[in-house]
Amino acid sequence: MRRLIFLAPIVLFAIVVAGFALGLRRDPSLLPSTLIGKPLPRFSLPPVDPKAPGLTSADMTGGGPRLLNVFGSWCVSCRYEHPVLMALKSQGVAIEGLDWRDSRADATRFLAAEGNPYERIGDDEAGRTVIDLGVAAAPETFIVDRQGRVRYKQVGPITPELWTSTLAPLMARLKSE
Amino acid sequence: MIAEIGQLALILALCLALVQAASLLIGAWRVDGALMSMGRAAAVLQAGFIAVAFAALGTAYVTGDFSIALVAEHSNSAQPLLYRIGATWGSHEGSMILWVFILAVYGAAIALAGGSLRESLKARVLAVQGVVGAAFLGFLLLTSNPFLRLTPAPFDGAELNPVLQDPGLVFHPPVLYLGYVGLSIAFSFGVAALIEGRVDANWARWVRPWVLAAWIFLTIGITMGSVWSYYTLGWGGWWFWDPVENASLMPWLLATALLHSCLVLEKRGALISWTILLSILAFSMSMVGTFLVRSGVLTSVHAFAVDPKRGVYILGMIAVMTGMALGLFAWRAPRFRTGALFTAVSKEYAITLNNLFLAAATATVFLGTFYPVFVDALHGDKISVGPPYFNATFAPIFMLLFVLVSFGPMLNWKRDSLGPLLFRLIWPALASAIAVVGAILIFGIGHVMAALGFALSAWLIVGAGAVLARRWRPVSHGAFWDGLWGRMRATPLAIFGLALAHAGLGVTTLGITAMAGWQSNAVIAMTPGQSLTLAGKTITLTGLRGIEGPNYEAAQARFAVDTLAGPRVLISERRFYPDSQTTTTEAGINVGLLGNVYISIGDRAAGGGLVVRLWNHPLVNFIWGGAFMMAFGGMVSLADRRLRVAVVKRVRAPAGVLEPAAA
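These protein sequence lines map, in sequence, to chains A and B.
Take the first sequence: its position 104, counting from 1, is numbered 98 in our numbering, and each next residue is one higher.
Take the second sequence: its position 359, counting from 1, is numbered 360 in our numbering, and each next residue is one higher.
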């Protein structure tokens, strides 16, 4: 009996190490979105440029799969991501923009200087829609299928590697669905 | 060239660590003096070679040798010299060099110092130290080589993470590592004792200064980290229960327990197996902390660049080292004779309870920190455990522990009686009763938790004073003042150290209580000239301008604050580092004895003003002041021990040797 007590530390330790070993295979920075597989929450946002159309959740259905990119002219990583979006636009990828916590003047200046990769842009100055979407920090990008359901969420900028390895194959699959 | 010298030095150090481990283990087993002195020489040489490697990396940083990948990633020519030096240990690889360097210096210190340590024990301690060193050097060379070259070499480097460009980086990691790594000595002593199958009072007498030194460094290191995060992160808090903070707290809790249990083992020959177990676990917790920060199992503000290969190596290392130590424990510890008996009212009993509470506190922190990992591993659910859990579990355990703290030093060894004990504690009890009643009368019944906090700090501080008063009271009848000076001079430094440390705990408690009960803050958009009143202080935004630093641009806001000591100007900045595209916050803090005003600025608000967060932090400096007091108490006690060890050496007092029951 007395010996068993002395065995307890190593038994507990073995369990802990097994837990760590399992935990090592997971990436804690991947936060799955609760929206995956569900339709986009309803929203209707005014445009940034008064002459252009705004963006509503209804715009996201029909056609083909499309990207919904949350950005802001104040966001450094978005500037980093911007050339990638421009390249995707030239490949014919449909991208909708959601301008977050931004003044219209700043956003217009940013897009005029760097180019506009978006088909439509919704202005979410108050940040309400972004809360519904569960966005933690810009940039975040949702891949929305033909039926308007969220199929994937990318936290942080899209890089060319990520596009070719993960996002492009998913887009191709969604196109054929 | 310099990188190759460093690389070669590290490889040689690894070989020497292996030689050290093998020659000392075999030497101690065969009682071969030549082998053992060879092992000791290897320990000293190993420290020398790692010093060369460390200096090589430091030189590369200072001179800006961007052909070394690590240097190019973490420094550039615009970075101030201080932070180019600090960058030496600001990265994962560099910090591991610092780690093995400190480990080797400790090893060399044991090899060179410590004449009265039994030779076989010393050899085995150093052998285990060699195994630990070899494991970490292997980790460094195999998964995190700091000397990898870049071709072609870039013209200039990237930048050290701007959050780390702070004097805090220069001091916080080395001091903390001195603590973490210092616990390796306790580990080595524990394992060596298990290999020998022999623990005696001399073992405890030998290991205690090392544990105390590690504990002092840990205390200072953790406190410095808390101060640093307070002023640099702009969140206005002093502890966040972040996984990495917890990783430093757990070894500290176990080291505190070990410090006390060693005392029982040294004086009374009890708690033998428990003390050995603690010495193994305390350093294992240091290693788990390393695993946590460098493997990416958890996200944290401290996390280094993550590489799964490193995680696998460290986990394997912990599994082998701690696993073997605990295996030895399961095999050998049952043979140790059970220690001397003691009654329920005795110093031993109080310290045993202290150890139980500290172990329970460690377990709650461990569970809270790693629960997300285990849940994710079992169910794939992402959860996070936040401050509410820790406040609900850790705080009650610690409050009970604090009640115990003032009992311990007032109890006699072996057997004491309750009546006289309570009489000895009359002043601390009275002080805490006054604190409770006074706090409730002044602040109302709604602040009952705060009243308890005040009572605890009064209990601790007056309790610490009572320890000294008991020492200083006259032996026979007579006025308290007669011969007081003589009795004060005759009081061992260790007693002063004890009183300082326990009173420091009380001072920290006072700060925590005030912060928990009366901290206030406001978030508003301010335009220049605008004022607001927070906790009775008027704060005015007087100016806003852009400035240029050596390697950053900043928006600088100036505030005028009316404090009790007169008007003060506070400067708060938001810095942008173009090289790394990072923004940092420099909070403006008015430091006062009674509390701080803390201002951090954010973005421009939509309406055109500046988003400003203001805090009033009552007595917050007491938290760190008390912690530094504890560390200082430790130093005072350490100064005393050196003397006592020397005395023991001269007199060769026969200590109660505890041979194993069955050898």
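Mixed in with the good hints, there may be bad ones.
[What the hints assert, rightly or not] Interface residues of chain B toward chain A, partial, derived using beta-carbon atoms under 8 Å:
id : residue
1  : G312
2  : V313
3  : L316
4  : T323
5  : L327
6  : P335
7  : V374
8  : W486
9  : G547
10 : G550
Rather than coming from a laboratory, the hints here were simulated on the basis of the structure.
In this text, all values refer to a predicted model and were calculated from it rather than measured experimentally.
By construction, the Cβ of each residue, glycine as well, lies at the ideal position given by its N, Cα and C atoms.
Against the structure, the hints:
1. G312: 5 Å, holds
2. V313: Holds: closest Cβ of chain A sits about 7 Å from V313(B), inside 8 Å.
3. L316: With Cβ-Cβ at 5 Å, under 8 Å, it holds.
4. T323: 6 Å, holds
5. L327: Where the cut-off is 8 Å and the nearest Cβ of chain A is about 4 Å from L327(B), the hint holds.
6. P335: This hint holds: P335(B) lies near chain A, its Cβ roughly 5 Å from the closest one there, short of 8 Å.
7. V374: 4 Å, holds
8. W486: With Cβ-Cβ at 50 Å, over 8 Å, it is violated.
9. G547: Violated: closest Cβ of chain A sits about 16 Å from G547(B), beyond 8 Å.
10. G550: Hint violated; G550(B) Cβ to chain A Cβ min 18 Å, cut 8 Å.
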